[in-house]
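Heads up, the sequence shown is in the numbering used here, so the first residue is 1 and it goes up one at a time.
If you are wondering where the hints come from, they were derived from the structure by calculation, not from laboratory data. It is possible that some hints are incorrect.
[Said to hold, decoys possible] Keeping only pairs whose Cα atoms sit at most 25 angstroms apart, straight-line, the calculated DSS-like set for lysine-lysine is:
#	residue 1	residue 2
1	50	22
2	388	429
3	388	640
4	471	429
5	532	471
6	670	640
7	88	22
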Amino acid sequence: MNATHFLPDLGQSQGVEIVVTKANIGGSDLERHARYLRIALRDPSDPEGKPYWERDDPNRRHYSLVEMLERDHWDFVTLQQFSGDSFKPETYEPASAELIAVVRAHAPDARIVVHETWAYRSDHPIYLPSPSSSLSPYEAVLVARSRDQLRSAGPFSQTAMHADLKAAYGALATRYGLLTVPVGDAFQIARAMPEWHFVHPDPTFDYAHPPPEQRPDQTGSLIGGWHWRTDTKTGQREFALDAKHANVAGQYLGACVFYETLVGQRVGDDAWRPPELTAGQADSLRGAAHRAVLEQVKQPTKVAPARTRPNIVLVMTDDQGWGETGYYQHPVLRTPELDRMAANGLRFDRFYAGAPVCSPTRATVLTGRSNDRTGVPTHGHALRRQEKSLASALQAEGYATAHFGKWHLDGLRGPGAPILADDTHHPGKFGFEQWLSVTNFFDLNPLMGRNGAVEAFRGDSSTIVVDEALKFIRGAVHDSRPFFAVVWDGSPHGPWVASDADRRDLADLNFRSQHHYGELVAFDRALGHLRKGLRDLGVAENTLVWYCSDNGGLPGMIPDTVGGLRGHKSELWEGGIRVPGVIEWPAAIVPRVSSYPASTMDIFPTLAAIVGLPSDAMLDPVDGANLAPLFAGRDVPRVKPIPFRFEDGGAWIDNDYKLVVSGEGTGGFKLYDLTNDPTESRNLAAVEPERLGRMGRDYEAWSASVDRSVAGQDYPAGRVDPTEPESHPWSDDARYQPYLETWRQRPEYSNLPAQNFHLAEDMAESLSTQAAP
Numbered sequence: 001m002n003a004t005h006f007l008p009d010l011g012q013s014q015g016v017e018i019v020v021t022k023a024n025i026g027g028s029d030l031e032r033h034a035r036y037l038r039i040a041l042r043d044p045s046d047p048e049g050k051p052y053w054e055r056d057d058p059n060r061r062h063y064s065l066v067e068m069l070e071r072d073h074w075d076f077v078t079l080q081q082f083s084g085d086s087f088k089p090e091t092y093e094p095a096s097a098e099l100i101a102v103v104r105a106h107a108p109d110a111r112i113v114v115h116e117t118w119a120y121r122s123d124h125p126i127y128l129p130s131p132s133s134s135l136s137p138y139e140a141v142l143v144a145r146s147r148d149q150l151r152s153a154g155p156f157s158q159t160a161m162h163a164d165l166k167a168a169y170g171a172l173a174t175r176y177g178l179l180t181v182p183v184g185d186a187f188q189i190a191r192a193m194p195e196w197h198f199v200h201p202d203p204t205f206d207y208a209h210p211p212p213e214q215r216p217d218q219t220g221s222l223i224g225g226w227h228w229r230t231d232t233k234t235g236q237r238e239f240a241l242d243a244k245h246a247n248v249a250g251q252y253l254g255a256c257v258f259y260e261t262l263v264g265q266r267v268g269d270d271a272w273r274p275p276e277l278t279a280g281q282a283d284s285l286r287g288a289a290h291r292a293v294l295e296q297v298k299q300p301t302k303v304a305p306a307r308t309r310p311n312i313v314l315v316m317t318d319d320q321g322w323g324e325t326g327y328y329q330h331p332v333l334r335t336p337e338l339d340r341m342a343a344n345g346l347r348f349d350r351f352y353a354g355a356p357v358c359s360p361t362r363a364t365v366l367t368g369r370s371n372d373r374t375g376v377p378t379h380g381h382a383l384r385r386q387e388k389s390l391a392s393a394l395q396a397e398g399y400a401t402a403h404f405g406k407w408h409l410d411g412l413r414g415p416g417a418p419i420l421a422d423d424t425h426h427p428g429k430f431g432f433e434q435w436l437s438v439t440n441f442f443d444l445n446p447l448m449g450r451n452g453a454v455e456a457f458r459g460d461s462s463t464i465v466v467d468e469a470l471k472f473i474r475g476a477v478h479d480s481r482p483f484f485a486v487v488w489d490g491s492p493h494g495p496w497v498a499s500d501a502d503r504r505d506l507a508d509l510n511f512r513s514q515h516h517y518g519e520l521v522a523f524d525r526a527l528g529h530l531r532k533g534l535r536d537l538g539v540a541e542n543t544l545v546w547y548c549s550d551n552g553g554l555p556g557m558i559p560d561t562v563g564g565l566r567g568h569k570s571e572l573w574e575g576g577i578r579v580p581g582v583i584e585w586p587a588a589i590v591p592r593v594s595s596y597p598a599s600t601m602d603i604f605p606t607l608a609a610i611v612g613l614p615s616d617a618m619l620d621p622v623d624g625a626n627l628a629p630l631f632a633g634r635d636v637p638r639v640k641p642i643p644f645r646f647e648d649g650g651a652w653i654d655n656d657y658k659l660v661v662s663g664e665g666t667g668g669f670k671l672y673d674l675t676n677d678p679t680e681s682r683n684l685a686a687v688e689p690e691r692l693g694r695m696g697r698d699y700e701a702w703s704a705s706v707d708r709s710v711a712g713q714d715y716p717a718g719r720v721d722p723t724e725p726e727s728h729p730w731s732d733d734a735r736y737q738p739y740l741e742t743w744r745q746r747p748e749y750s751n752l753p754a755q756n757f758h759l760a761e762d763m764a765e766s767l768s769t770q771a772a773p
């Protein structure tokens, strides 16, 4: 933290009061800070969780991180990794996630910034060959006398260290939507200047037998370097190398970068300077600082172009089960495009829809809250307009927003029909500037509503919505706007109408299964078209594409849709709620497979953290969690359980364990270990009564909070808007009466009289369920 050493002096000379308080521990990495934090959160009185103290406090009273944050009002809180780990991105998590969460909870008005540190001086031993290699006489002295014995396993350089730490800090900033203070960039810029180009060794100096209290020529160094110090154990003076910490010139450079980044003003030519620096030296350092900050704004790091504002595409299928992908080795279905996406992104093997049917899950995506809180207890209910939506939040940040495909959040039931302009709950009411949407499921040659105007399309429905989404994305790219596109496909929901070509490899299946799986073949092809379109537009690198299904798979299909899990759509067993899930974001995600339990409720909190949305963008209570810490490459235990409440049952997933509630308010709890029993065949209620009781109490407390939300107590008015519509079939709606006679000629509506249009959905949603053990 010696980059801020001169910051108060610099600020005072510019008329800005700057108070710097340090919660740092010398030589500590983020994990050590997080370890102390965990101790303090577990027991606030435990002195082991209080490692920080004010440097000018003679009593050296110690504080926990929470106490430090609550002691005063902070404008900024900086986050910095231990320099020896700064270039290793795998060392940043899960500590960063824990520390950032606590800062946001206990210093909500503070802006968290990432302090990008600098590469070590060019004569640091870390740049030397591996320890087994032969060393020159000077290199041998470096190893013998350096304070820091860090060595590299292979070829390494100052340039490489800077590139790696810049990438690691940039990825951290990307995950959480944080501002970066580019001190490391400024050091590299200054080092390229003639006056700060350090050359070693000094040929006139005897490093092996240094004259007492004399030092070699270190002109141009920004780091402490060779010096004499007193050994604290022996009391003897010794000649030592510090190739890590900034000297006066480096400290002044760091302070200039911090000032310009945080204050937003360039350091003036009349600014204070340390007496050790000439006016010319100070001027050159201010110039390097300004250039680093300017380049930070103009050309964000290659790790994440436009890093706080990625483009976002949400893709959701309709009734695709957990087992219906090629990467899970489905016996007949091939999904090459989805397999490629999964191999290039973060594949979740335990991803959950927010509910076991469609409308509720869609509500969780847009709100980050469980479906009951939002007024959507089951399919065909309207999302309350009092909810805060993801699209509205992103629209407020300048995103171009659009929805394509199935909506099913306007309270209308029945086969998918075009959404009309006078619909009180159309996508535009929730922040979508453009929309081409239908009320529910749709198949070949669909009728759709484009911003309320009815349009007829020819062709496969999956291809149609992707083509239209790419037109929208192309326009946003042309206008230099970040975009948020929601593509909610209608496949493979019944009545299942696939083309002959898409059923060609499925001829051995029964007729219904052919069409069901044929629709997924078409969807997979459309997904590939979407990904290629992003690449062709040059935006794939910084576009986050999040794919999942809206609920578990259907029964009665051959082969099975749920990959051997128990239950199907409409049930809270794993087969009804566990779905495929993949996030692809080349700029920031390390491709891998994760067993971390995640949910559609996590989508809004994750994107809010990445984009840096204001804290009031979501409506409390939020049930989802931020998944961005997983992007760095490893799992951490989930802190917030995944909750479900559907009809008269519920579920509570807490990492490996799942509580199943067979009757709301009855105390009918069952307990399963999903890691060792993914098919939920062994009820552990009698074996682990303590865990059962704890999870049961947690579920009941959460369910009580949902009851308050259902009553409208989360809203400013304290009640639900009485104009919210009841769920009803669109065929009974007066707005659709002028269309009925014509639409009845279409195949998707031909078999049903107007008064019975809603029966098709009722039959599709009310699927047979398996008996619970």
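* Asked: Are residue 471 and residue 429 close enough, with their CA atoms no more than 25 angstroms apart?
  -> At roughly 22 angstroms apart (the allowed maximum being 25 angstroms), residue 429 and residue 471 satisfy the hint.
* Would you check the hint for residue 670 and residue 640, treating anything up to 25 angstroms between C-alpha atoms as holding? => With a Cα-Cα distance of about 20 angstroms, the restraint between residue 670 and residue 640 holds, given a limit of 25 angstroms.
* Proposed proximity, residue 429 with residue 388 (alpha carbon, max 25 angstroms) -> holds, 11 angstroms
* Can the restraint linking residue 388 and residue 640 be considered satisfied, given a maximum Cα separation of 25 angstroms? -> Judged against 25 angstroms, a Cα distance of about 21 angstroms means the pair holds.
* Asked: Within 25 angstroms, alpha carbon to alpha carbon, are residue 88 and residue 22?
  -> holds, 24 angstroms
* Pair hint residue 532 and residue 471, alpha-carbon separation not exceeding 25 angstroms -> holds, 13 angstroms
* Asked: Does the structure keep residue 50 and residue 22 at a Cα separation of 25 angstroms or less?
  -> Roughly 14 angstroms between the alpha carbons, so the hint for residue 50 and residue 22 holds.
Consistency note: the structure conflicts with none of the earlier hints.
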